[in-house]
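J.: For reference, the chains in residue letters:
Number of protein chains: 2
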Amino acid sequence: MVLIAACQLELDVETPAACVEQSTSALLTAVENGAEIIVLPELSNSGYVFETTLELEMSATTLEGALIQKWKEIAADNDVVIVAGINLFEGSKYWNASVIIDRSGLCGWYAKAHLFGDEGKFFTAGDEIPLVIQTSKGRIATLVCYDIEFPEWVRIAMLHGAQLLAVPTNWPEIGQRVTSPVMEVIRVQAAASQNKLVVVAADRCGDERGQSWVSTSVITDDEGVIKAIARPEMNPQTQIIYAEVELPTNTAITDKNDVRKDRRPQLYSSILNQ
Amino acid sequence: MVLIAACQLELDVETPAACVEQSTSALLTAVENGAEIIVLPELSNSGYVFETTLELEMSATTLEGALIQKWKEIAADNDVVIVAGINLFEGSKYWNASVIIDRSGLCGWYAKAHLFGDEGKFFTAGDEIPLVIQTSKGRIATLVCYDIEFPEWVRIAMLHGAQLLAVPTNWPEIGQRVTSPVMEVIRVQAAASQNKLVVVAADRCGDERGQSWVSTSVITDDEGVIKAIARPEMNPQTQIIYAEVELPTNTAITDKNDVRKDRRPQLYSSILNQ
Chain A
1197 MVLIAACQLE
1207 LDVETPAACV
1217 EQSTSALLTA
1227 VENGAEIIVL
1237 PELSNSGYVF
1247 ETTLELEMSA
1257 TTLEGALIQK
1267 WKEIAADNDV
1277 VIVAGINLFE
1287 GSKYWNASVI
1297 IDRSGLCGWY
1307 AKAHLFGDEG
1317 KFFTAGDEIP
1327 LVIQTSKGRI
1337 ATLVCYDIEF
1347 PEWVRIAMLH
1357 GAQLLAVPTN
1367 WPEIGQRVTS
1377 PVMEVIRVQA
1387 AASQNKLVVV
1397 AADRCGDERG
1407 QSWVSTSVIT
1417 DDEGVIKAIA
1427 RPEMNPQTQI
1437 IYAEVELPTN
1447 TAITDKNDVR
1457 KDRRPQLYSS
1467 ILNQ
Chain B
1197 MVLIAACQLE
1207 LDVETPAACV
1217 EQSTSALLTA
1227 VENGAEIIVL
1237 PELSNSGYVF
1247 ETTLELEMSA
1257 TTLEGALIQK
1267 WKEIAADNDV
1277 VIVAGINLFE
1287 GSKYWNASVI
1297 IDRSGLCGWY
1307 AKAHLFGDEG
1317 KFFTAGDEIP
1327 LVIQTSKGRI
1337 ATLVCYDIEF
1347 PEWVRIAMLH
1357 GAQLLAVPTN
1367 WPEIGQRVTS
1377 PVMEVIRVQA
1387 AASQNKLVVV
1397 AADRCGDERG
1407 QSWVSTSVIT
1417 DDEGVIKAIA
1427 RPEMNPQTQI
1437 IYAEVELPTN
1447 TAITDKNDVR
1457 KDRRPQLYSS
1467 ILNQ
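Residue numbers (the working numbering), protein chains in the order written: chain A, 1197 to 1470; chain B, 1197 to 1470.
Bear in mind the hints are in silico, worked out from the structure with no lab data behind them.
What you were told as hints is all true, and nothing was included just to trick you.
Copies of one chain are not kept apart here, so a pair can be met inside one copy or by any two copies together.
In silico EDC-like cross-links for lysine to aspartate or glutamate, where the CA-CA straight-line distance does not exceed 20 Å: (1) LYS1289 / GLU1253; (2) LYS1457 / GLU1348; (3) LYS1317 / ASP1454; (4) LYS1452 / GLU1419; (5) LYS1317 / ASP1458; (6) LYS1266 / GLU1286; (7) LYS1452 / GLU1247; (8) LYS1317 / ASP1451; (9) LYS1452 / ASP1314.
Next comes chain A alone, as it looks inside the complex (with noise of 0.2 Å):
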């Protein structure tokens, strides 16, 4: 068993300083309750509704920068993993990105490749499947936010060995037809359910320049089951979710049958490389 926690943050895109704050503060609380699988939303360094470019570089961080050396600290003191959604500067470029960092350093880093509403206007597409790596605390993937709606790509991080998927997300409120939970919930637990996953999403809250967010971050077992979900009505306090979860060893769901052998990839290369 493993104590996962996601982070749902009220950030603000007019003060990144106290994004930055946020997030770090959230991580050390979530250490402190025992927490060793850490999950913080998306663009947690920066917020979300940006205006001006001005805005996006002013928030950005780098891969080399304070921020993240902070969180390799944190991880290699504690030995948990992190996972956070970052305005990221590299290559001479902006990513909507997602970083793994365990008590080995930063493992790795993924960049959005489904850009969702105006991010293209200050994102480059990420064109790297998502990223799994073996940490110290299991085999974990990543994506960001809207990737998650793209079943194939849920897929792909099981195919190669996923146990957990943390999504850093903001999930904005679009107008979408009132269900409890909210459907980017039931989409969660239908990927962990197809996917023997276990999932983590963490969310936001509060209202950024007039966007408001869906405000449930939301953790379940690899059979899709809520095992710990945030309380919208909450909104917009900080809140920090936690559930002990078993990792997935495989992914049978019957002595039969089993979601990944099962596939007949055969069947499906033709029209889906379309």
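With the hints as your guide, set chain B onto chain A.
T.: Then chain B, alone, in the frame of chain A:
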């Protein structure tokens, strides 16, 4: 708007004549109640829990046989679309099939590609993609039961322009974790939502040779919202659930985002084909 019915039936593999009778009776009831698209469960002419190939052979239907003829008459007389799971004998083989019938006759048939449990002892797995037909009531796709757990397969139906996905199913109780609704329904909701498809799943009820079913037929709209759902506590009573649903005319989810156009298939191909 189109009125859709999913018929949840108590079938018994030991009395295939009664299966045929019940299925046809449910169709006629749904027609009387104004349904325009009617979905029957998987293997609605035979039941599911075969013990011998003799049972399989004795209960199979051919495409030219009396049952399909009767259903064609019902479809033609009432201008309805029927999607039904059947034990089909065709080309010297037995298929766990689904047929689509509209007022013009038999539009096509599909053979389940992802066989579950012991089905492979009795049926040949289909090698063709989900059937998608422009019927008199909309562009309708079909696949069978376990097929829907493969998001690649649902994607293919969407990519072929389906507005509605009809899923004849026999969802067995196999010690799933208790959730409300059952995870089968949550995966249907995600499939609808991620593909902007109306989804109709017609399940079983009752007990067949000790096998029970989750008994939770469901109809969603194209955002994955449940429009009608069977009440498992009424098991084993036959339930026909109805919902009036708008069929989608595109795959846009916001003014800037579209679940079809936002895909990046060039990134998926090398991995998903493995």
